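Okay, here's what each chain looks like letter by letter:
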Amino acid sequence: MAYDKFTVLRDTAVPLPTENVDTDQIIPARFLKATEREGFGDNLFRDWRYDVEGNPKKDFVLNDTTYSGKILVAGKNFGSGSSREHAVWAIYDYGFRCVVSSFFADIFKNNCLNIGVLPVTVTPEFADKLFSAIAADPKTEIEVNLPQQKITLLATGESESFEINEYKKDNMTNGFDDIDYLLNMSSEIDAFAASR
Amino acid sequence: MEKTTLFDKIWDSHVVRSVPAGPDVFFIDKHFIHEVTSPVAFLNLEKRGIGVKYPHRTIATPDHNVPTVDQDQTIKDKLSRMQVEKLRENCKKYNIELHDLGTAHHGIVHVIGPELGVTQPGMTIVCGDSHTSTHGAFGAIAFGIGTSEVEMVLATQCIMQSKPKKMRISVEGELGRGVTSKDIILYIISKISAAGATGYFVEYAGSAIRNLSMEARMTICNMSIEMGARGGLIAPDETTFNYLKGKQYAPAGEEWDKAVAYWKTLKTDDGAVFDKEYHYDAADIEPMITYGTNPGMGIKVVDNIPTTEGMEGSNKTSFLKSLDYMGFAPGEPVKGKVVDYVFVGSCTNGRIEDIRSVAHFVKGKKKADNITAWIVPGSREVEKQAHEEGLVKILEEAGFELRQPGCSACLAMNDDKIPAGKYAVSTSNRNFEGRQGPGARTMLASPLTVAAVAVTGRITDPREVFNN
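As you go down the protein sequences, you meet chains A and B in turn.
Read in order, the letters of the first sequence correspond to residues 1204 to 1399 in this note's numbering.
Read in order, the letters of the second sequence correspond to residues 514 to 981 in this note's numbering.
Think of the hints as simulated: they come from the structure by calculation, not from any bench.
Predicted, not measured: the structure shown is a model, and the values here were computed from it.
Just so you have them, the derived chain A footprint on chain B, three or more residues with Cβ under 8 Å:
{"id": "1", "segment": "561-573"}
{"id": "2", "segment": "629-643"}
{"id": "3", "segment": "658-666"}
{"id": "4", "segment": "947-959"}
Listed next, with one range per pair, are the computed distances between beta-carbon atoms:
{"id": "5", "chain 1": "A", "residue 1": "D1262", "chain 2": "B", "residue 2": "V851", "range": "26 to 34 Å"}
{"id": "6", "chain 1": "A", "residue 1": "G1244", "chain 2": "B", "residue 2": "D782", "range": "48 to 56 Å"}
{"id": "7", "chain 1": "A", "residue 1": "R1252", "chain 2": "B", "residue 2": "E822", "range": "30 to 38 Å"}
{"id": "8", "chain 1": "B", "residue 1": "K678", "chain 2": "A", "residue 2": "D1373", "range": "17 to 25 Å"}
{"id": "9", "chain 1": "B", "residue 1": "S720", "chain 2": "A", "residue 2": "D1373", "range": "45 to 53 Å"}
{"id": "10", "chain 1": "A", "residue 1": "T1268", "chain 2": "B", "residue 2": "S720", "range": "58 to 66 Å"}
{"id": "11", "chain 1": "A", "residue 1": "D1262", "chain 2": "B", "residue 2": "Y791", "range": "37 to 45 Å"}
Heads up, incomplete: computed chain A residues facing chain B, CB under 8 Å, no partners named:
{"id": "12", "residue": "R1240"}
{"id": "13", "residue": "G1278"}
{"id": "14", "residue": "S1286"}
Note that beta-carbon positions come from the ideal geometry of N, C-alpha and C, so glycine has one too.
Taking the hints into account, I'd like the entire structure generated from these sequences.
Structure, rendered in structure tokens:
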């Protein structure tokens, strides 16, 4: 079930330039034992965020109050590994609504789109610009405009367009999900199944 | 006529509708579910007030979080127990076939699917688990999905997917002594990188692949996701048909002949075009091991860890972060490093052939004193066969601890955790930070290399320990 509609998001961002962040880092397997979707945000990046005693690790970005916002700007190949949708649930539950990276793993990207967290793929150059801008001014604002498919660094006006197919864009701007679409073509699916 | 690939043939025949400027509505033949990624999907079905469209197309088993001891007793961990009970409840309510703990065909979902003959050439198969790519070994399109998609399949037997690009990886020639299919795939991933096949579906081809058994092919397809590919497949042939013949859910009699006739058409046409192709020589492949925290960070056991020469920016930072986690330095050899644990098991290498190869090589030997050795069969069937073939006795005499089937220390959702800071050489598929327990340091290798490490207590080239 999609969570909410996404049109334009203007906010500060949290930077995480580490490359190849896999979904085991986003939410370790031992926290996957819930049978409901809520509450995973507490354990987002658990082992990078807390030590074994459960104390916050000061050098991890989520524990640094300098950075905040609904946008996560992540390093290359973000979300690789396990298909666990819990990773996106944790990101959503923590408060992020958009993840920006120069490269996403496939399943993770699909999972994002399916629950209404917008994955924005930018060029490596633009990702570097974002990281530098956030480092220079943690309060710098980024605008993610889904209808226009455009991401803008508001302080300088530098922007880049991003890709998303029309169908998914329509879903996200209206808060629909794939099941709504599929349920509406039930008899077509039945006919297909019968022909097999 | 247009030349098409094996992947095209299967994909195109399962498209119910192509959404303009959008994905395909893709029909799923078989759906596997387990206790961890299915409960929220069922919960959402209830919220929507809808049921399961075709229950006979879904098969369930609890594997991810289950204990590997005392499976006949109630699960002690409360949250794990709740997930398994939820799975039972949902299967009963929606009339879904369940292979429960303790039953004849319980096991890791990607081990029991092929064992039962549910997995067949030409099918589309999904599961809320990224290693669903395993089933591609049979010439099926099989890939992992998220829980929202599990819900879609339960509700409609379809998912919305954009067709991936096509890649072919050919490995030609004869494998050297001590080199297994695990080494082939670790070698390929080390060349292509952990993200090198993202956006693609891979076909594995070439004589070195065709000469592999079904078990060995499954190991290769299993790890397709570790280079970012959605899945990987291998054209079905006599090896495939021989494996399937007589299996519980395989067609029989006239149906079998009809099925085989169709399966024989499932191959890439000569001259079909791929978006990307790689060619490797089997003679270049040697026993492999990983030294870092993603499966692309692999080297030959005899090689040194790369230096940071030529690396810069976040690439270098990430590389050093990874080595720091592992307690290794750039440029140093891995051979000779002391190891604490070995793990044989998982959907990558938990099949009978894997257990046979370990047993064969440790026969009459003892594990080193510094090693804790766990062996976890992929299914009850594998466990039973290992007993019948006398392998369990050999392994126990060598000091291995045989546990009951499940995903176990591959992802350490149950109690099978490697302690923080300890080194484990593992036949599983992921060496991510904390994958085998918080702080655990994982090195991926073949069952053969793991057997060599178990005996010597150190990172060892299996060719130096075993003579045959």
